[in-house]
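Protein chains: 2
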Amino acid sequence: MAYSPLIDQLVDALRCLPGVGPKSAQRMAFHLLERDREGGFKLAQHLEQAMQGVNRCEQCRTLTEQPKCAICANTKRDHETICVVEAPSDVVALEQSGQYRGTYFVLMGKLSPIDGIGPEEIGVSHLLTRIQQQQVKEVILATNPTVEGEATAYYITAQLKALGVTVSRIAHGVPLGGELEFVDVGTLAHALEGRQVIA
Amino acid sequence: MAYSPLIDQLVDALRCLPGVGPKSAQRMAFHLLERDREGGFKLAQHLEQAMQGVNRCEQCRTLTEQPKCAICANTKRDHETICVVEAPSDVVALEQSGQYRGTYFVLMGKLSPIDGIGPEEIGVSHLLTRIQQQQVKEVILATNPTVEGEATAYYITAQLKALGVTVSRIAHGVPLGGELEFVDVGTLAHALEGRQVIA
Numbered sequence: 006m007a008y009s010p011l012i013d014q015l016v017d018a019l020r021c022l023p024g025v026g027p028k029s030a031q032r033m034a035f036h037l038l039e040r041d042r043e044g045g046f047k048l049a050q051h052l053e054q055a056m057q058g059v060n061r062c063e064q065c066r067t068l069t070e071q072p073k074c075a076i077c078a079n080t081k082r083d084h085e086t087i088c089v090v091e092a093p094s095d096v097v098a099l100e101q102s103g104q105y106r107g108t109y110f111v112l113m114g115k116l117s118p119i120d121g122i123g124p125e126e127i128g129v130s131h132l133l134t135r136i137q138q139q140q141v142k143e144v145i146l147a148t149n150p151t152v153e154g155e156a157t158a159y160y161i162t163a164q165l166k167a168l169g170v171t172v173s174r175i176a177h178g179v180p181l182g183g184e185l186e187f188v189d190v191g192t193l194a195h196a197l198e199g200r201q202v203i204a
Numbered sequence: 006m007a008y009s010p011l012i013d014q015l016v017d018a019l020r021c022l023p024g025v026g027p028k029s030a031q032r033m034a035f036h037l038l039e040r041d042r043e044g045g046f047k048l049a050q051h052l053e054q055a056m057q058g059v060n061r062c063e064q065c066r067t068l069t070e071q072p073k074c075a076i077c078a079n080t081k082r083d084h085e086t087i088c089v090v091e092a093p094s095d096v097v098a099l100e101q102s103g104q105y106r107g108t109y110f111v112l113m114g115k116l117s118p119i120d121g122i123g124p125e126e127i128g129v130s131h132l133l134t135r136i137q138q139q140q141v142k143e144v145i146l147a148t149n150p151t152v153e154g155e156a157t158a159y160y161i162t163a164q165l166k167a168l169g170v171t172v173s174r175i176a177h178g179v180p181l182g183g184e185l186e187f188v189d190v191g192t193l194a195h196a197l198e199g200r201q202v203i204a
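Chains R and L, in that order, give the protein sequences.
Under this note's numbering, the final residue of the first sequence carries the number 204; numbering is consecutive throughout.
Under this note's numbering, the final residue of the second sequence carries the number 204; numbering is consecutive throughout.
Chain R on its own, in the form it takes in the complex:
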């Protein structure tokens, strides 16, 4: 550390951001100090407000400043269908598709014993209670098609067996606009396995 105390503190604090090392932190600090004080003040204020005000939705566990998020609080949504995703950004992605009218359950992670993330951390018991209380008919598993995502989907499926609820997994295959030639073998295997009769 080499600048005046307030600047050193700022550079140090900026390093809590993911992907920001000492050089980028320094660049960010000087940019704000020399060219964008207003942006710096605004960032400080919005950071404070968000850190203070944002909690988890009591129903779907996503991040929100209300007790219930906008989707859970919307009575026009289909509350008998729950889509299970890993992160709040997955909710946004699915909402942008415009195809889904049900509600969500956000795991805020995926099963990963090596990182100490077990069923309790991803709120599986919370999901089971909700399914029983709200007479849910279908649970759509939309975890990512990675090793941990698949393991998480598998674990949740096993837990749901006794509840008599329909459990489905979103389709994995060749993405629209993708060319077979450039799609990886795992995806192709999934695409073949998940083929549907059309005629």
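Mixed in with the good hints, there may be bad ones.
Which copy is meant is left open, because identical chains are indistinguishable; a pair holds if it fits in one copy or across any two.
Stated by the list, open to error - Cross-link-like lysine-lysine pairs, in silico, BS3-like; alpha carbons within 30 Å at most:
{"id": "1", "residue 1": "73", "residue 2": "28"}
{"id": "2", "residue 1": "142", "residue 2": "166"}
{"id": "3", "residue 1": "73", "residue 2": "142"}
{"id": "4", "residue 1": "73", "residue 2": "47"}
{"id": "5", "residue 1": "81", "residue 2": "166"}
{"id": "6", "residue 1": "73", "residue 2": "166"}
{"id": "7", "residue 1": "81", "residue 2": "142"}
{"id": "8", "residue 1": "47", "residue 2": "28"}
Think of the hints as simulated: they come from the structure by calculation, not from any bench.
Here the structure of chain R is known, so what remains is to put chain L in place on it, guided by the hints.
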């Protein structure tokens, strides 16, 4: 924008940082909200303090929260020698070399008419006044060896001619540990031109 208002505001505010686009801003916001609230609070606080407290050193124009920076306030430094650099980070780099005991003058930029940065913006008149008042003997120009940096050095040299002060430019040549084979032609040309008789 797609999250709850406080999160949207935070993502938006994070984009004032250089090199941070919508996706990185989102990743940063979720990282802080899910995993590092304490870091987020600390960043908000240090941002606020720095934006409020940091000003320019009245003597060398570098960023500091005191009226004079630590180097200008240090009476043990040689105040008859001024090294002119473009940015506060250049001061730190030169200090780390451990070779320099004089003071600095930080331009906080370089001449760049296309960006509207002229002599007034880089404080040339302030430098001239300081040289006259403090009986400075030598001015070392350490602007970067880029087109703008060279033009800035050239302009300052012309301004200093009438003051009877020694003006020098730091040496440009092959860096230590560098191999001739991999050094660019401009640097080699400088290295040849700046050769010194050793025997």
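Status of each hint after checking the structure:
no.: 1; hint: 73 / 28; result: between (40 Å within a copy, 25 Å between copies)
no.: 2; hint: 142 / 166; result: within (13 Å within a copy, 86 Å between copies)
no.: 3; hint: 73 / 142; result: within (21 Å within a copy, 70 Å between copies)
no.: 4; hint: 73 / 47; result: both (27 Å within a copy, 28 Å between copies)
no.: 5; hint: 81 / 166; result: within (28 Å within a copy, 78 Å between copies)
no.: 6; hint: 73 / 166; result: within (28 Å within a copy, 71 Å between copies)
no.: 7; hint: 81 / 142; result: within (17 Å within a copy, 79 Å between copies)
no.: 8; hint: 47 / 28; result: both (23 Å within a copy, 19 Å between copies)
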